[in-house]
Amino acid sequence: MTVAFWILAVLLVASAICVITAQKPVYSVAGLLAHFLFLAITYFMLSAEFLAVIQLIVYSGAILMLFVFVIALLSSGVAPFAVGPDRLPKIAAPAIAVIAILLGFVAYAVSREPAVKPSLRGIVSGPVGTAGVFGSVADFGHALFTLNLLPFEITAFILMVAVVGVILLAGDHVPYVPTRRRARLVEHDMREAIVRAGEE
Amino acid sequence: MHADLLPVALANYVALSSVIFFIGVAGVVLRRNPLIMLMSIELMWNAANLLFLAFARAWLNNAGHIFAFLVITVAAAEAAIGLAIVVIVFRSRANVDVDEIALMKG
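Residue numbers (the working numbering), protein chains in the order written: chain A, 1 to 200; chain B, 1001 to 1106.
Quick caveat, the hints were computed from the structure, so don't treat them as lab data.
25 Å max Cα-Cα, derived SDA-like pairs, lysine to any residue: (1) A:90 with B:1022; (2) A:24 with A:75; (3) A:24 with B:1081; (4) A:24 with A:61; (5) A:24 with B:1075; (6) A:24 with B:1028; (7) A:24 with B:1032; (8) A:90 with B:1032; (9) A:24 with A:68; (10) A:24 with B:1085; (11) A:90 with B:1018; (12) A:24 with B:1080; (13) A:24 with B:1084; (14) A:90 with B:1028; (15) A:90 with B:1019; (16) A:24 with B:1087; (17) A:24 with B:1082; (18) A:24 with B:1088; (19) A:24 with B:1037.
Looking at chain A on its own, in the form it has when it is part of the complex (with noise of 0.2 Å):
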């Protein structure tokens, strides 16, 4: 398990160091993908089954096929994506400074014992998505509709919003009428056509 861990370890900050680093969108979406897939394989270690779905169908599924579908959108005939000059002369100094503090303070968090030691009653080995077994669909499912329903709401209100926003910032854009307004500019048109008939 221990091997596993580092392995997955390494693989993740590979696939992560790829990311940032690719020149073109594409391979950092692949790098993603990568990353995506072995944080999948972390959560089953973690016995979170119903994250580690959810992260290989909403991340890589969902996610990562828009941010490919845009790239192929905005690539397609025209200049790609500005490289630009490196920024990192200018704020690597101060960067690497709070990086470290940040760390340090990491590192000092988790190296203090936790003051209680989680117990293990109520929990049983079991196949997985077996009620009462840690992590399982079942308990997720159970704690998602009955505890944290109000919150699972929310999120629906969440998507619509943005939805709603992305529709109104890419869609064709319609200029606002008032209702009243409207009805008397079509009332003015149709008298205005039926004028101009009339003369004909």
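Take the given structure of chain A and dock chain B to it, following the hints.
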């Protein structure tokens, strides 16, 4: 396996998650391509998720799973809106360099 504690100590997961998170930060700060910046943001979301799941496993508490699920939902919404912004910016100008997009700068 289910009845065991973590495969390795929790500190290792915290360290791994911080390293991935800072790789994401570096991607956002150093790269100028908005798509790669968005992907780096995804890296950061996932580093946070990994931490949620590791702590959930260590404390044998389902709440981390629920929270990671909500994070994935919000990340999906964020990616959709971010990509829509990239698309409309690209439509209005042929060049997508985030340093040249200073419309919102005060």
